[in-house]
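Here's the letter readout for the chains.
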Amino acid sequence: MDATNPITATGRTPAVSRVRSSRRVADRILIVASTLATLLGIVVLGSILLMLIVEGVKGFTPTLLTAPTPGPGSEGGGIANAILGSLVMTFIGIVIATPIGLMAGTFLAEYGKTSKIADVIRFLNDVLLSAPSILIGLFVYTLMVRPMGTYSGWAGAVALAIIAVPVIVRTTEDMLRLVPGPMREAGAALGAPRSLVIRAITWRAASAGIVTGIILALARIAGETAPLLFTALNNNSWFNANLLGGVPNLPVMIYQFALSPYPNWQSLAWAGALLITVTILALSVTARFVIKEQRQR
Amino acid sequence: MTALTQSVALARESGVAPRTAPSKTGDRLFQGLSYASALLVLLVLAGILGSIIYGAWPAFTEFGFGFLTSSAWNIGTEQFGALPAIIGTVAAALLALVIGVPISLGIAIYLTQLCPGWARKPVAMTIELLASVPSIIYGMWGLFVFAPLFARFVQVPVSNLVEGMPIVGTILYARIPSGVGVLTAGIILAIMIVPFVASITRDMLDQIPTVLRESAYGIGCTTWEVVRHVLVPQASVSIIGAIMLGLGRALGETMAVTFVIGNANRLSASIFDPGSTIASRIANEFNEADGLQLSSLMALGCLLFIITFFVLIIARLLVRRAKVA
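Protein chains in written order, with UniProt numbering: chain A, 1 to 297; chain B, 1 to 325.
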C-alpha cells in the first residue's frame with residue numbers, strides 16, 4: 001500500500017502537490033496519532049517489564065524458592081508454598097478442563113456443526129470466554145466452599161477449570177475446522193467409525209493447534225486472582241495434602257503482600273510478580289509459535 | 001456389491017472369519033460424551049446465574065428495587081445499596097472506552113496501513129502480549145508506577161488550574177491528590193482493553209479486500225481519507241462489536257481496579273476522587289462478609305452479571321467469531 005500512496009511512501013510532499021493542505025494535515029495527524037498510539041502500547045509493556053525486573057530482582061533471596069511465606073512483619077522466608085499451591089491448582093484445573101474442552105470443541109466442529117444447539121453453545125461459550133472471572137469465583141464459592149464449609153484447593157482448581165474450558169473449546173473447534181474434509185472422508189472410506197476417524201485422523205492432524213489451546217488456557221488461568229479470592233484463599237504456611245483449608249497461591253499472595261505495610265512482604269510480592277509474568281509471557285509466546293506452525297501446515 | 005459378496009465368500013472358503021462392522025457402542029459413547037461436554041458449557045453458565053441469584057435473594061427481598069437507587073453501605077445498620085458501585089463501574093468502564101478506543105483504532109490503523117512489513121509481526125506481537133499480562137500486574141503497575149506520576153503531573157496541576165471554576169472545578173478537582181481514583185482506574189482499564197479491541201479491529205481491517213483500498217488510493221485519496229471513507233464504513237459494525245467486547249471486559253475487571261480505584265464507598269462528583277466498582281467491592285469485602293452484607297454483595301454480582309452479559313451478547317452478535325483473546 002505504500003507504493004500506491006506517494007505521500008506517505010516517500011515521507012515528503014512532492015514538489016508540486018495537488019493535494020489541498022487541509023487534506024494533507026488530516027492525513028499527517030492520522031499518521032502521527034496512530035504511530036504514537038502504537039508507541040504508547042510498546043512503552044507501557046516495556047515499563048511494566050522494567051518495573052517487574054527492577055523491583056522483582058531485589059526480592060530474589062536464596063530462600064525465595066525453598067522457604068514458605070513468612071508471618072507478618074518477620075524477615076526472611078520465600079514463596080515456595082505459593083508457587084507449589086499455584087502449580088497444583090493450575091495443574092488440576094487444566095486436567096479437569098482439557099477433556100471437557102476437547103470433547104465440547106469436538107462436538108461443535110464434528111457433530112453439531114451448524115445445528116441450532118451447536119450455534120447456541122458456540123455463542124454462549126464465546127460469552128463465557130469474556131465473562132468476569134470474579135463471578136466464577138462467586139459461583140464456585142456457592143457451589144463448593146459453602147457446602148464443604150472450608151476454602152479448598154479443589155474449589156480453586158474448579159474455578160480455574162471453568163475459566164480454562166471456553167478457551168480450549170474455542171481453539172479446539174477452530175483447529176478441527178482447519179482439517180480438510182477429504183481426510184475425514186478417506187478415513188470413513190476405509191470403514192473407520194466416526195469416533196475413530198475423529199480420534200485417529202482429525203485430532204492428530206490438529207494436535208499442535210489443540211495443544212496451543214491448552215497452553216493458552218494455562219497462560220490465562222496462571223495469573224487469575226479474582227476467582228481464587230473466595231475459593232482457595234491463601235495462607236502463610238504449607239498447605240494440607242488433601243488441599244482442604246486455604247491453599248497459598250501466587251496471585252492472591254501477590255495481592256495481599258503488595259498491599260501490605262511490611263517491606264519484606266512487598267519485596268516477596270514483587271519477586272512473585274516477576275516470576276508469574278515471565279512464565280505467562282513465555283507460555284503465550286510459545287503458544288503463538290505453535291499455532292503459526294499449525295496454520296502453515 | 002458383487003465384489004463384496006465375492007470377497008466375503010472367499011473369506012469363508014479360506015477359513016478366515018469375515019470382518020464385522022466395529023461395535024456401535026463405542027462410537028455412540030464418544031458422541032454422547034462430546035455432546036455432554038458441550039452441554040456442560042450451558043450448564044455452567046446457567047449455574048453461575050442460578051447460584052448468584054440464590055445467594056442474592058435475601059438482599060433482593062429485603063431491599064427490593066430500592067437496592068438499585070440507594071447509596072447506603074452501612075454494615076452496622078445493615079443498610080445496603082448498589083448505586084455508588086453501579087455508577088463507579090459504569091464511569092470507570094466508559095472512561096476506559098473514551099481513552100482506550102482511539103488508541104486501539106490508532107494501533108489497528110498503524111499495523112494495517114502504515115507499519116513497514118518487517119516490523120509488523122514484532123509490533124503486533126508486542127501489543128498482543130499486553131493482553132497476556134495478568135490483571136494483578138496491571139494493578140501493581142497502576143498503583144506503584146502510574147499513580148504517583150499521575151498525581152504529580154496531572155492531578156495536582158489540573159486541580160490547581162480548575163479550582164473554583166464551575167462544573168469543571170467539581171469534576172476535575174482532587175481533594176487529596178493521591179493518584180488513585182476513578183479516572184486512574186479508567187486509564188488502567190483502557191490499557192487493558194487496548195490489545196483486545198486493537199487486535200479484533202486489525203483482523204477486520206485485514207479482511208477488507210485490498211482492491212477497495214487500492215482503488216481509493218488510486219484516485220488520489222490520502223491515508224486518512226482511505227481510513228475514513230473506505231475502511232471504517234466497511235468494518236464499522238465489527239469495530240462497534242470489538243468496542244462492546246472491550247466494554248464487557250472493562251465492566252467485569254476486578255484486580256487491577258481494586259488496586260487503583262481507592263475503594264471508597266461514597267459517591268463523589270470528581271473523577272479524581274476514589275470510588276469503587278461492583279467487582280472491586282466484592283473483591284474487598286466478600287471474605288469478611290456474612291448475612292445480609294454477603295447477600296448484598298451477591299446481589300451486586302447479579303447486577304454485574306446482567307450488565308456484562310447484556311453487553312457481551314450484543315458484542316458477540318456484532319463480531320461473529322472474533323479470534324480467541
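Treat the hints with care, since some could be wrong.
Keeping only pairs whose Cα atoms sit at most 35 Å apart, straight-line, the calculated DSBU-like set for lysine-lysine is [said to hold, decoys possible]: (1) A:116 to B:24; (2) A:113 to B:24; (3) A:292 to B:121; (4) A:113 to B:121; (5) A:116 to A:292; (6) A:58 to B:24; (7) A:113 to A:292.
In short, the hints are calculated from the structure, not lab data.
Treat the numbers as computed from the prediction; the structure is a model and nothing was measured.
Next on the checklist: Checking one constraint from the list: CA of residue 58 (chain A) to CA of residue 24 (chain B), max 35 Å. Satisfied?
Outcome noted: This hinted pair is violated, its Cα atoms lying about 62 Å apart.
Item to check | Holds or violated: residue 113 (chain A) to residue 292 (chain A), with C-alpha atoms at most 35 Å apart | outcome: holds, 25 Å
Item to check | Restraint check for residue 116 (chain A) with residue 24 (chain B), where alpha carbons must lie at most 35 Å apart | outcome: Holds: residue 116 (chain A) and residue 24 (chain B) sit about 25 Å apart, inside 35 Å.
Checklist entry - If you draw a straight line from the CA of residue 116 (chain A) to the CA of residue 292 (chain A), is it 35 Å or shorter? => result holds, 31 Å
Next on the checklist: With the threshold set at 35 Å, check whether the alpha-carbon distance from residue 113 (chain A) to residue 121 (chain B) stays at or below it.
Outcome noted: Distance of about 33 Å is within 35 Å: holds.
Next on the checklist: Between the alpha carbons of residue 113 (chain A) and residue 24 (chain B), is the straight-line distance 35 Å or under?
Outcome noted: holds, 21 Å
Checklist entry - Are the Cα atoms of residue 292 (chain A) and residue 121 (chain B) separated by 35 Å or less? => result holds, 12 Å
Hint check: a violation occurs at hint 6 only; the rest are consistent with the structure.
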